[in-house]
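Peer 1: Input sequences plus hints: build the corresponding full structure.
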Amino acid sequence: MSVQELEKIFLDKIDQEIKIEPKDWMPDAYRKTLVRQISQHAHSEIVGMLPEGNWIGRAPSLKRKAILLAKVQDEAGHGLYLYSATETLGTTREQTIVDLHSGKAKYSSIFNYPTLTWADIGAVGWLVDGAAILNQVMLCRTSYGPYARAMVRICKEESFHQRQGFDILVALSKGTQEQRDMCQDAINRWWWPSLMMFGPHDSESTNSEQSTKWKIKRMSNDELRQKFVDMIAEQVKVLNMTLPDPHLKWNEQTNHYDFGEINWAEFWNVVKGNGPCNKQRLDARRKAWDEGAWVREAATAYAAKRKARAEKQEEKQIA
Amino acid sequence: MTKDILYNYTMHLADNALILAQRNSEWCGHGPVLEQDIAITNISLDLIGQARSLYQYAAELINAPSPSIGGGRGEATEDSLAYLRDVRQYKNCLLVEQPNGDWAQTILRQFFFSTYQYLLYQQLQKSTDDTLAAIAEKSLKEVTYHVRWSSEWVVRLGDGTPESHGRLENALEELWMYTGELFAPATYEAEAVTAGFGVEVSALKAAWEQKVNEIFGEATLPDAAAGGREGIYMQTGGKEGVHSEQLGYILAELQYMQRAYPGAEW
Amino acid sequence: MEIRLTKYYYGDIPEDKGGGSNTIKKTSSSSPNGGGRDGAGADWPLWEVFIRSKQGIDHKHVGSLHAADAQMAIENARDVYTRRMEGVSIWVVESKFIHASNPDEAASLYEPANDKVYRHPTFYDLPDELTHM
Numbered sequence: 001m002s003v004q005e006l007e008k009i010f011l012d013k014i015d016q017e018i019k020i021e022p023k024d025w026m027p028d029a030y031r032k033t034l035v036r037q038i039s040q041h042a043h044s045e046i047v048g049m050l051p052e053g054n055w056i057g058r059a060p061s062l063k064r065k066a067i068l069l070a071k072v073q074d075e076a077g078h079g080l081y082l083y084s085a086t087e088t089l090g091t092t093r094e095q096t097i098v099d100l101h102s103g104k105a106k107y108s109s110i111f112n113y114p115t116l117t118w119a120d121i122g123a124v125g126w127l128v129d130g131a132a133i134l135n136q137v138m139l140c141r142t143s144y145g146p147y148a149r150a151m152v153r154i155c156k157e158e159s160f161h162q163r164q165g166f167d168i169l170v171a172l173s174k175g176t177q178e179q180r181d182m183c184q185d186a187i188n189r190w191w192w193p194s195l196m197m198f199g200p201h202d203s204e205s206t207n208s209e210q211s212t213k214w215k216i217k218r219m220s221n222d223e224l225r226q227k228f229v230d231m232i233a234e235q236v237k238v239l240n241m242t243l244p245d246p247h248l249k250w251n252e253q254t255n256h257y258d259f260g261e262i263n264w265a266e267f268w269n270v271v272k273g274n275g276p277c278n279k280q281r282l283d284a285r286r287k288a289w290d291e292g293a294w295v296r297e298a299a300t301a302y303a304a305k306r307k308a309r310a311e312k313q314e315e316k317q318i319a
Numbered sequence: 001m002t003k004d005i006l007y008n009y010t011m012h013l014a015d016n017a018l019i020l021a022q023r024n025s026e027w028c029g030h031g032p033v034l035e036q037d038i039a040i041t042n043i044s045l046d047l048i049g050q051a052r053s054l055y056q057y058a059a060e061l062i063n064a065p066s067p068s069i070g071g072g073r074g075e076a077t078e079d080s081l082a083y084l085r086d087v088r089q090y091k092n093c094l095l096v097e098q099p100n101g102d103w104a105q106t107i108l109r110q111f112f113f114s115t116y117q118y119l120l121y122q123q124l125q126k127s128t129d130d131t132l133a134a135i136a137e138k139s140l141k142e143v144t145y146h147v148r149w150s151s152e153w154v155v156r157l158g159d160g161t162p163e164s165h166g167r168l169e170n171a172l173e174e175l176w177m178y179t180g181e182l183f184a185p186a187t188y189e190a191e192a193v194t195a196g197f198g199v200e201v202s203a204l205k206a207a208w209e210q211k212v213n214e215i216f217g218e219a220t221l222p223d224a225a226a227g228g229r230e231g232i233y234m235q236t237g238g239k240e241g242v243h244s245e246q247l248g249y250i251l252a253e254l255q256y257m258q259r260a261y262p263g264a265e266w
Numbered sequence: 001m002e003i004r005l006t007k008y009y010y011g012d013i014p015e016d017k018g019g020g021s022n023t024i025k026k027t028s029s030s031s032p033n034g035g036g037r038d039g040a041g042a043d044w045p046l047w048e049v050f051i052r053s054k055q056g057i058d059h060k061h062v063g064s065l066h067a068a069d070a071q072m073a074i075e076n077a078r079d080v081y082t083r084r085m086e087g088v089s090i091w092v093v094e095s096k097f098i099h100a101s102n103p104d105e106a107a108s109l110y111e112p113a114n115d116k117v118y119r120h121p122t123f124y125d126l127p128d129e130l131t132h133m
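Residue numbers (the working numbering), protein chains in the order written: chain A, 1 to 319; chain B, 1 to 266; chain C, 1 to 133.
Please note that the accuracy of each hint is not assured.
[As the list claims (entries may be wrong)] Each pair of labels, with its calculated beta carbon distance range:
1) B/123 / C/59: 33 to 39 Å
2) A/312 / B/203: 38 to 44 Å
3) A/261 / C/98: 49 to 55 Å
4) A/309 / B/162: 15 to 21 Å
5) A/304 / C/59: 23 to 29 Å
6) A/235 / B/173: 50 to 56 Å
7) B/237 / A/244: 48 to 54 Å
8) B/85 / A/156: 35 to 41 Å
9) B/237 / A/304: 39 to 45 Å
10) B/223 / C/98: 41 to 47 Å
Simulated from the structure, these hints should not be mistaken for lab results.
Note that the structure is a prediction, hence the values are computed from the model and not measured.
Every residue, glycine too, gets a C-beta built ideally from N, C-alpha and C.
Peer 2: As C-alpha cells, then:
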C-alpha cells in the first residue's frame, strides 16, 4: 500500500472516531506529536510531585498529611501510566527521562513556581489541578488509544485532587485573619501562572491546529482557558476571596467572564528556564535518577543471577 | 494507674509508626525508580494510618476522667498528641528516627523494624485490651507486606552488585547498634506485661534474629550478630524519651505549622 | 556515550517507519563504582499487568510497568494498579513475550466472524413473552 493510501485509512479512522492503536500505521508527525505531548504530560506529573512534596513533612495535621501523601503518590502513578503510553510509540521510559534531564523535553511551567506556605498546597490543588483536569477530561477522548485509556484512569483518580485543594482553602477561609491572608496571598500568586498553563493564544500556538485536526486535542487553548476562568470566578466567591485581576467581569453578551491579558513575557521566560525553581526542579529529578542508578543496577544483576540459578537447577533436574 | 501504663504503651506504638512514616515520606518524589517511589510511599501511608488509630485511642484514654494523668478535660486529639509534644515526651525507638541515608539504609531500617513489628503485632492481637488487639490485627496485614517487600530488597541489594552489597554492609554498620533497644523493655512495656495487655518484647528477640539471619543468608551477608558485630554496644533511651539528635529536627519539621500558628484549625 | 536502542515492545513498529530517532545521548552519569557496564542503572524490563477485579471476572489488561523480575513486577503492580483496592488477582507478563496480531491482517482474522451472525444473541428474534434468556 502506498503512503497516500495508508494516510487515507488513518484519516478515515480519525474522522469516524475510531481510536488509533499502537500497531496501526500512523504518520511520522502524528507519532512525534504524541511522543512530545504525552512525555511532556508525564514529566509534568513527575516534576509536579516536587512542589507539593515540599509540604508533606510539614502538613498541619495527620489527616492532611495522609491525603497529601496519597495525592503526590497518585501523581507518580499518573506519570507512570503516561510513560507507558509513550512506550507503546516505541520510546522507552529511560529515553524519555534522559530527554527531561538534558533539558530537551519540557514540562508544565507551573511547577517552576515555589510553594511558600501551606495555603499554596490548597491553591495548587484547586487552581493547578483544576486547570489540568479540564485538559485531561478533554484528552479522555483523544484519538490515540493508549493515551485516551491512560487519561480515563487518571481522571478517575484525580477527582479527589481538586477537592482536597479546595477543602484546604475552605478551612483557611474560615480560620483566623492570618489564615485568610495566607489564603488570599496564595490565590494571588497562583492565579496567573495557572492561566498560563493552557498555553499561548490560539493565534500563537504552533502545535494546536494540526493536533486538533488529528483529534489529539479537541478544544483549543483559549477555549479551555475561558472555561477555567468561568468556573473559578464562581468558585472563588465561596471562599470569600478575590482573583487578582481588575479586568475580571461577567460579560452579558458573551455569557462568559472577560479577563485581563496574561503576562506573556513571564510565561516565555519561565518556559526558557528562568522561572524561580527551574533549576531546583531539574536538579532534584536528576539527583534522584543518578542516585538511583546503583539500585536499579543491583536489582537487574540480582534478577539475572536468580534466573541463571533457576536454569541451572532445571538442567540438573533434567539430567 | 493501669490507664497511665496503657496510655504510655499506646503512645510508644504510635510514635514508632509516625516517626518512621515521616522518614519514609521524605522519599516521595525522590525514589530510585517510579515504581519504588510508589511502594515506599504506600508503606508510609500504612504507618500514618496505624499512628492515627493509636493516637486516637490514646486521646480517648486521656480525655476520659482520670486524675493521675490530668485527663478528663476532653481536649486531646490525634493531632495535639502528634504535634504538641516535645522530644522528651516522644517514646519511639531510636531505630526509626535514624536518617534515610541511601536506599540500602532505608531498606535495612524498614526490614529490621517491620520484622520486629510483625512479631510484636502477632502477639498484640491477643492483647487483653480489645482496642490494641483490633489495631494490631488490622495492621498485621500491612506489616506482613512490609516484611516481604523489605526482605526482598535486602536480598536484592546483598546479592546484587559489589556496590549494592557494600552499601548494605555500610547500612548495617549504621543501624545495628539501634536494634538492641527493640528488645529491651521500657518501664511502661514491663508494666504493660504485668498488667496483662502488653507484649514481652525480650521474648521476640530469638524469632527476630532467626528471620534476620535467614534473609541475610539469602543476601550473602554473614549472620547479623556475627562479622565483628558480636560485642557492639546497643544504644537505648528513645523509648524513655532520651533520643538521638535526629528527633529534634524531625519534630521541627513535623510540628512547624502547629507551633507557628497555635490553636488554628487546618 | 552514544547508545543504540534496539528494544522493541509490543505495539512497536520498526524504526524505518517510526518517528524520531532511537539514538540517544546518554547524559545521566551512572554511579562511579557502578561496574562501568553499558546502560548501568538502565530501564528494567517492561511488563504488562492484568488484574482480576473480583472473583468470577476475567483478568483485564490494566497497563504496564517496569520491574527487574516477575516477583517485583507483581509487587509493583499491587502498589501501582491496586492503590484503590481494585484487584484480587494479578498476572504479569514481560511485554517482549506478547505476540500481537498485525493490524494489516485484521480483515482476514476478524471479518469472517462478522458473517457468523448466528454467534450473536441478537440474531435470534424471540417472542417478547419470553423473559430471562
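Peer 1: Against each hint, give a clear statement of whether it holds in the structure.
Peer 2: Comparing the hints with the structure gives:
Between residue 123 of chain B and residue 59 of chain C, the C-beta spacing of about 38 Å keeps the proposed range 33 to 39 Å intact. Checking the proposed 38 to 44 Å range against residue 312 of chain A and residue 203 of chain B shows it holds: the Cβ atoms sit about 41 Å from each other. The beta-carbon spacing between residue 261 of chain A and residue 98 of chain C, approximately 51 Å, falls within the hinted interval of 49 to 55 Å. Checked against the hint of 15 to 21 Å, the C-beta distance between residue 309 of chain A and residue 162 of chain B comes to roughly 18 Å, which is consistent with it.
The supplied range of 23 to 29 Å is met by residue 304 of chain A and residue 59 of chain C, whose beta-carbon atoms lie about 28 Å from each other. Distance hint check for residue 235 of chain A and residue 173 of chain B: the Cβ-Cβ separation is about 54 Å, which falls inside the suggested range of 50 to 56 Å. At about 52 Å, the CB distance of residue 237 of chain B to residue 244 of chain A agrees with the hint of 48 to 54 Å. Checked against the hint of 35 to 41 Å, the pair residue 85 of chain B and residue 156 of chain A passes, with Cβ atoms roughly 39 Å apart.
Between residue 237 of chain B and residue 304 of chain A, the C-beta spacing of about 44 Å keeps the proposed range 39 to 45 Å intact. Checked against the given bound of 41 to 47 Å, the beta carbons of residue 223 of chain B and residue 98 of chain C, roughly 43 Å apart, stay inside it.
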